[in-house]
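K.L.:
Given next are the chains, with one letter for each unit.
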Amino acid sequence: MIATLGHFILFLALGVSLYAIMASIAGASPCRPEWLASSRNAVLVLFCLVTVAIFLLEYALITSDFSLRYVANNSTRASQVQFKIAGLWGSLEGSILLWTWLQSLFSALVVARGSASDRHDPFLPYATAVLQAIAAFFLLVMTFAVNPFAPLFPVPPDGRGLNPLLEVTDMLVHPLLLYLGYVGFSVPFAFAMAALITGRLSEEWLRLTRRWTIVAWLFLTGGIFYGGWWSYRTLGWGGYWAWDPVENASFMPWLIGTAFLHSVMIQERKRMLKVWNLMLVTLTFSLVIFGTFLTRSGILSSVHAFADGPVGILFLTFLGLVLFSILGLLAYRADRLKGHGELDSVVSRESAFLLNNVLLVGICFTVFLGTIFPLLSEAIRGAKISVGMPYFNRVIVPLGLALLILMGVGPLIAWGRASLHNLERNFLRPAVFALAVTVVLFALGIHSLEGLTALCCAAFVIGTVGWEFFVSTRTRMAMTGEGALPAFLTLLLRSRRRYGGLIVHLGVVVAVIGIAMSSVYKLETEATLKADEQLTIGPYTVQFKALRAAEQPTHILVWAALDVSKNGKPIGELRPGERFYPNQQTPFASVAARYGFREDLYTILSSFERDGSSATIKVMVNPLMAWIWLGGLVILLGVIVAVLPERRLALLAARRGAQASERSPA
Amino acid sequence: MKRILIPLAAVPILLLLAYGFWTDPRAIPSPLVQKPAPEFRLTSIEAGAPFALADLKGKGIILNFWASWCYPACYEEAPLLEASWQKYKDRGVQILGIVIQDNEANAKEFMQRFNFSFPNALDPGSKVSIDYGVYGVPETFFIDTQGRIVYKHVGALTPALIDQQVQTILKGS
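Going line by line, the protein sequences match chains A and B.
Following the working numbering, the residues of the first sequence are numbered contiguously, the last one being 666.
Following the working numbering, the residues of the second sequence are numbered contiguously, the last one being 173.
None of these hints come from the bench; they were simulated from the model.
A few of these clues could be false.
The list that follows gives simulated cross-link-like pairs (lysine-lysine, DSS-like), each with its CA atoms no further than 30 Å apart [to be verified]:
| # | chain 1 | residue 1 | chain 2 | residue 2 |
| --- | --- | --- | --- | --- |
| 1 | A | K618 | B | K127 |
| 2 | A | K545 | A | K566 |
| 3 | B | K87 | B | K171 |
| 4 | B | K57 | B | K35 |
| 5 | A | K530 | B | K127 |
| 6 | A | K545 | B | K127 |
| 7 | B | K127 | B | K57 |
| 8 | A | K530 | A | K618 |
| 9 | B | K127 | B | K59 |
| 10 | B | K127 | A | K522 |
| 11 | B | K108 | B | K171 |
| 12 | B | K127 | B | K89 |
| 13 | B | K57 | B | K87 |
| 14 | B | K108 | A | K530 |
| 15 | B | K171 | B | K35 |
Taking CB as the label site, the calculated pair distances span [stated by the list, open to error]:
| # | chain 1 | residue 1 | chain 2 | residue 2 | range |
| --- | --- | --- | --- | --- | --- |
| 16 | A | Q534 | B | Q86 | 45 to 53 Å |
| 17 | B | T168 | A | D563 | 51 to 59 Å |
| 18 | A | E450 | B | A83 | 21 to 29 Å |
| 19 | A | L633 | B | T43 | 50 to 58 Å |
| 20 | A | E204 | B | I13 | 29 to 37 Å |
| 21 | A | P154 | B | V154 | 31 to 39 Å |
| 22 | A | A546 | B | E76 | 32 to 40 Å |
| 23 | B | V33 | A | P154 | 43 to 51 Å |
| 24 | A | A112 | B | P12 | 36 to 44 Å |
| 25 | B | L161 | A | F373 | 24 to 32 Å |
| 26 | B | W22 | A | L637 | 57 to 65 Å |
| 27 | A | A379 | B | Y135 | 41 to 49 Å |
| 28 | B | V154 | A | A379 | 19 to 27 Å |
Since this is a predicted model, take the numbers as computed values, not measurements.
Where a beta carbon is used, it is the ideal one built from N, C-alpha and C, also for glycine.
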């Protein structure tokens, strides 16, 4: 019943999306309001249809209706309800349905916002057509290749369930954030395409999509950070990023999206880089599709990969279509894409931003090359060679450090041509501060060259941002006689975009400090211990007490009881273990760690003797790991400052001001 | 006119990705192929007899890594291994099984279930598995009469593959 209904709804939705494409193109030029209204309605109907489809599949998942193949493959009766729900994005078919739903939701938001404003928006019809075309592609994939409502007969008594690694709360967050980011970038893409189609290539489309871009970027950033955090806490290898093809697939659109966020500022201010911005935003979306292709085609092996099948070819065809239409339109509009103005001076904000773009695109290219290198080398030389961590780290660390310095320079250096006075005023103190910090850190015993360089750059950025906040607040206090906090908050609100951006930079710096310190000063040891034997690592002593086992609802857990003491003082017990699932071939790690602001003590049970006589324990001390996740939170804060609607913030500020005045007499 | 050529920039990358459909990402080449097989000395489960590569010079060896918890692949290939052993044991081929991360009782039960008559040994501390770079079970190494690894197979074996590789490892003698 659900199978037939669901599949029928998908067919219907496909028809509606195709109609919406036609109607919006028919109504676009010359403007025919009744067609446009009809296409708007079609977009809203599509959203309702896909929503019904999502509900049907979720209903089947929650009620364990194993007459659907997808449900049988991705949930069991015993699963907790939130993991039954998460089954929706547990594998290929459902994840495409979720994608389609988000795509239809975003299209509906775009047309709803577009029709709320009275002014006729020339981009909207074409942007709608592009968004609907993307939705139509995903619907096509579902109706003809990977139907999430495919029936299963005979109906099995119980389903196979998600991979145990996915039955964790993180599964409810990480994939959703990434999908929101991926699909979010389709909106600026659609408007860029609309700008190319209509030939209205001024800065208008940038303004219309600025908030979409920032929010999509935030979701993508959040998804990447969350993924690292998840991997660190549960996968049990003590790291958070492995340059796995699918991780790279999320990192590449992030890099180009970041470059785009910066270079639009030059176009807005100087009307330069028109083609460049169009290329960046369309490239971002192409990379999203490329990443989707990588995850779903099975051409590269990865921990994230879904099963392969006919979808690979479909996605490749779609990627081809996207690339050809982008390049074709760029070629078609080449005459109108001449930028205005040029660089006045090499020492200016424009050139700092340009350099930032070059570095980001360079990093992206490096990652791209590393990701497809196995394929490339096999195609050319017939030998399969993977490039691992060493390649990425060696190439990307220096580029990343250069980017870090620019993060300090870019926001403060003058537009046009920076005078010596401007440079001295903005950068002399931060530079001195950075050097002083470096000297102090050296004296404190940090002697690694990479570590010191990274920390010196980080200190420079903190110096510039701090100095900027300090100077502007002081100026405002002198002008208005406000106190320090109100003056600072008013500043934040007055130019939210600028100060939100600076806060994001601070967040990146905090994360970089965490990354640098945790990778340079990580301690790691592994030993096979008999009962009551111990090992020492840094200030910690870890004593192996005994091996224990317990039957859990879904698996058998074997763990090592470890007594941990720091500088001779007992600080508690850790229980790293291995989880054995009946229908999985290999055991899964169960990490035990003491997380802290200064450092994490991280233990893994590598192997053990069956009789319990000994266990091989891996212990790591990861300094400042928490700073990486903290940096992610600061970035979130910065973006919120940058995008919150004006009125809401003014309200908050007024309330705060009222509270402050109430408090002051007391 | 040159503008028409711009979209062609997408062609090479699409071709490269399309090429990916003809490759198998799971085929992990072993750097040990064409190198001398790492030595090991274990004790066989059934007889308690020494179980070492060095004692088998001059024979072609099929070294199979398995585990009783490896379902279904190991269960699929187990009857085939025993059949191949019956077929080739008098033709200068030795089959050896190394049991990964398993206990003796389960391994014995597995061996009885499939009437294994070739020697098998547990691998305490997974030392041999690490030496051979075993990635998962089952994996099988074909070692020629000179003690060199000729071929590594990941996943369950097939009759055709065994016949073909036995030809290769015996060719050296």
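K.L.:
Each hint: holds or not?
P.N.:
Evaluation of the provided hints:
Using a Cα cut-off of 30 Å, the hinted pair K618 of chain A and K127 of chain B holds, with the two alpha carbons roughly 17 Å apart. As the CA atoms of K545 of chain A and K566 of chain A are separated by approximately 17 Å, the hinted pair is consistent with the 30 Å bound. With a CA separation close to 17 Å, the supplied pair K87 of chain B and K171 of chain B stays within the 30 Å bound. Distance restraint check for K57 of chain B and K35 of chain B: the Cα-Cα separation of roughly 15 Å lies within the 30 Å cut-off, and the hinted pair is therefore satisfied.
A threshold of 30 Å between alpha carbons decides the hint, and for K530 of chain A with K127 of chain B the separation of about 18 Å falls inside it, so the pair holds. For the suggested pair K545 of chain A and K127 of chain B, the alpha carbons sit about 24 Å apart, so the restraint of at most 30 Å is met. Pair hint K127 of chain B plus K57 of chain B holds up; C-alpha atoms about 21 Å apart against a cutoff of 30 Å. Taking the CA atoms of K530 of chain A and K618 of chain A, the gap is near 14 Å; set against the 30 Å cutoff, the hint holds.
A distance of roughly 23 Å separates the Cα atoms of K127 of chain B and K59 of chain B; the hinted pair therefore holds under the 30 Å criterion. Taking the CA atoms of K127 of chain B and K522 of chain A, the gap is about 26 Å. The hint holds against a cut of 30 Å. Taken as a hint, the K108 of chain B and K171 of chain B pair is broken in the structure, with Cα atoms around 34 Å apart against an allowance of 30 Å. For the hint pairing K127 of chain B with K89 of chain B, the CA-to-CA distance comes to about 27 Å; that is within 30 Å, so the pair holds.
In summary, the hint linking K57 of chain B to K87 of chain B is supported, as the alpha carbons are separated by about 20 Å, within the 30 Å threshold. Restraint check for K108 of chain B and K530 of chain A: satisfied, since their Cα atoms lie roughly 27 Å apart, inside the 30 Å limit. Distance check on the hinted pair: K171 of chain B and K35 of chain B sit about 17 Å apart at the alpha-carbon level, within 30 Å; holds. Between Q534 of chain A and Q86 of chain B the beta carbons are some 51 Å apart, a value that agrees with the proposed interval 45 to 53 Å.
Separated by about 54 Å at the C-beta atoms, T168 of chain B and D563 of chain A satisfy the suggested range of 51 to 59 Å. A hinted range of 21 to 29 Å for the beta carbons of E450 of chain A and A83 of chain B is inconsistent with their spacing of about 57 Å. Between L633 of chain A and T43 of chain B the C-beta distance comes to about 55 Å, which sits within the given range of 50 to 58 Å. Separated by about 31 Å at the C-beta atoms, E204 of chain A and I13 of chain B satisfy the suggested range of 29 to 37 Å.
Taken as a hint, the range 31 to 39 Å holds for the pair P154 of chain A and V154 of chain B, whose Cβ atoms sit roughly 33 Å apart. At roughly 38 Å, the beta carbons of A546 of chain A and E76 of chain B sit within the given window of 32 to 40 Å. Restraint check, V33 of chain B to P154 of chain A: a C-beta distance of roughly 45 Å satisfies the suggested window 43 to 51 Å. For the pair A112 of chain A and P12 of chain B, the beta carbons lie near 41 Å from each other, so the given range of 36 to 44 Å is met.
Hint check: L161 of chain B to F373 of chain A, Cβ distance near 29 Å, so the stated range 24 to 32 Å holds. Separated by about 48 Å at the C-beta atoms, W22 of chain B and L637 of chain A break the suggested range of 57 to 65 Å. For A379 of chain A and Y135 of chain B, the Cβ-Cβ distance of about 24 Å falls outside the hinted range of 41 to 49 Å, so the restraint is violated. At about 22 Å, the beta-carbon gap between V154 of chain B and A379 of chain A stays in the expected band of 19 to 27 Å.
The earlier numbered hints that this structure contradicts are 11, 18, 26 and 27.
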